[in-house]
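Chains as they are written, first to last, in my numbering: chain P, 1 to 412; chain E, 1001 to 1253.
Each hint should be verified, as a subset may be incorrect.
Once the Cα atoms are required to be at most 25 Å apart in a straight line, the calculated DMTMM-like pairs of lysine to aspartate or glutamate come out as [claimed, not checked]:
| # | chain 1 | residue 1 | chain 2 | residue 2 |
| --- | --- | --- | --- | --- |
| 1 | E | Lys-1051 | E | Glu-1070 |
| 2 | E | Lys-1051 | P | Glu-289 |
| 3 | E | Lys-1117 | E | Glu-1070 |
| 4 | E | Lys-1190 | E | Glu-1009 |
| 5 | E | Lys-1077 | P | Asp-382 |
| 6 | E | Lys-1051 | E | Asp-1041 |
None of these hints come from the bench; they were simulated from the model.
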Amino acid sequence: MSTSAPSAPAELRRPETPESLGALVRQRWEALKAGDVGSLPVLVFMVGIVVFFTLKVNVFFTAVNFDNLLPQMAQVTVMAIGVVFVLLIGEIDLSIGYLSGLCSVVLAELQLPGSGHDYPWWVAILGALAVGALIGGVQGSFVAFLGVPSFVVTLAGLLAWQGVIIQALGTQGVITVYDRQINDISNYFFPDWFGWALAGAVTAGLVGITIGRIVSRRRAGLRLGNPAALLLPVLLWSGAAWLGVAIANRDRGVPFAGVLMVALLLFWTYVAQRTTFGRHVYAVGGNAEAARRAGINVAFIRVVVFMISGVMAAVGGIVAASFLQSVDLTAGSGTILLDAIAAAVIGGTSLFGGRGFVKAALLGAMITQTIQNGIDLVGYSDAVKDVVTAVILLAAVTLDSVSRRRLARSGR
Amino acid sequence: MATTSPTLELSGITKAFGSVQALADVDFAVRSGEVMALVGDNGAGKSTLIKCVAGIYPIDAGEIRFDGREVHIHGPKDAAQLGIEVVYQDLALCDNLDVVQNMFLGREVRTPLFRLKEAPMEQRTAETLDSLSVTTIQSVRQPVASLSGGQRQSVAVARAVLWNSRVVILDEPTAALGVAQTRQVLELVKRLAEQGLAVVIISHNLNDVFEVADRISVLRLGRNVGVFERAQTTQQDVVAAITFGIPERESAA
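Bound conformation, chain P alone (with noise of 0.2 Å):
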């Protein structure tokens, strides 16, 4: 939190206001050379990526592996979303792996046929987000209120639901999904004109919004800015919900867990810049004493935030267990938790809280399960696979540490 004490000169200056477009751009690159990146290294990166396996793989640029990879991506961004919360408060949740497993465990077992507790599917699905809640705010707490540092609490976490979930599967070892409805989340397709409408109402949605701010704005007497700031965000995610039901549509469709994960990529994204809640995460990661003595209940926050994680997790455990048609042994194992992790971070989120947006998930997951889409693609082995997600989860926090100090030497 070192800001350097400025100049000054740099007090007396009356700076233009960024009306014209030019200003703009100039304004957007002052920023990003005073080490402010934004999203820009994701986007070329992920183009990067994109022609390096079209050229290497016929199959790669194809609707088929679009619509193979959204349901792929839909776990780690899912939970990817709990980790920017996380991260926000400047907080670690390391238990997300197997707590997710933990969670599609309990929702195997409520659905399970023939077991007693054969419930209905959506019995079964509230179950396990519960779980995942509880968990989550039971981990919270130890950190909330105890203090006990987050790394610890969830790393015990950790090994104490990987335990469990052994326990639980013990005897049979796997349990088989049988309920067409929670199948359904990873494997069910729209019918091509749901896929146009839901493109639609992206649209109209995004028109509506900036319309409605356009005129809350006037009313207040406010400057509205440039006209091309308020249009290219509409233009830009319009375009792309198009685009991307264009290609789903020439395969199966639009993926219901694509329609999921962008469903809840907006809430979260609402909830974290639209809400009083989302606010306080905010001040709480940027300095918690501050927080504090403007009267917000840090404690009620932390735990939120890791409820937020558990249910994220247990969302995450769900898509899983619907993807696989089954929950087994290495339910929430293997490299999902850094997986989530690792696209909080190469999404953009500081790992010192307080920076990040929700859309992170989504930017991060897309670069790392596109590489490991494409990787399997080529027929590389898993070696290559984990040694390439290193290389671009170090490259990622060496950004986010670097910018940091670029940041604070411009006194941002």
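We have chain P already, so just place chain E on it with the hints.
The following block gives chain E in isolation, referenced to the frame of chain P:
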């Protein structure tokens, strides 16, 4: 102004931490429209007194009167309810949030469903900064981390006056500031008093104190030394009072 009754009046305030007597029978008063300086050496009890007013420490004995009525301050919320705002030395700003977000932190304008209403917040931030003639902040949407020390102090002060506060207490507002920025902040302090607020400023810098304060309260070893009218005293007198203590000959409160 000097004839009106005090907005905030403390009498006989006593506070001990274990065997350490931090405050012993301290009187203090500030009126609306005046700048009252609170000076004293390290350990004189300035911060303790302020924290008692802010509701961070409970007092052992004594009376706090606000607008002539006796009040009991049990926590920071009580103090804020009365309209007492403290700007601490470390400012308590979130570097990662912008000016508007910091100004409204913990008291956001929102709908019943916790949705933030950004436009009114931005509007009131701009109005408040304008009313205090804070013109150096280029955009209320820039993160506080990008502001200079003086600008940060301005934001912290503006946040304190945003809530129709009656008493604003500034703890060492000019420490760690350069010459130009100190000037900015002192101007701001004068403006607060002009707007009819009761302003308390704690400072070690007697030059600053003599520039803005109407009256100067001196504490020494947890006791009152006296209250000086700025116009009728010199820095030497005040230094003597801070260092050696002198009889309460000029106590006017």
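*Hint check, failures only*: 3 and 5
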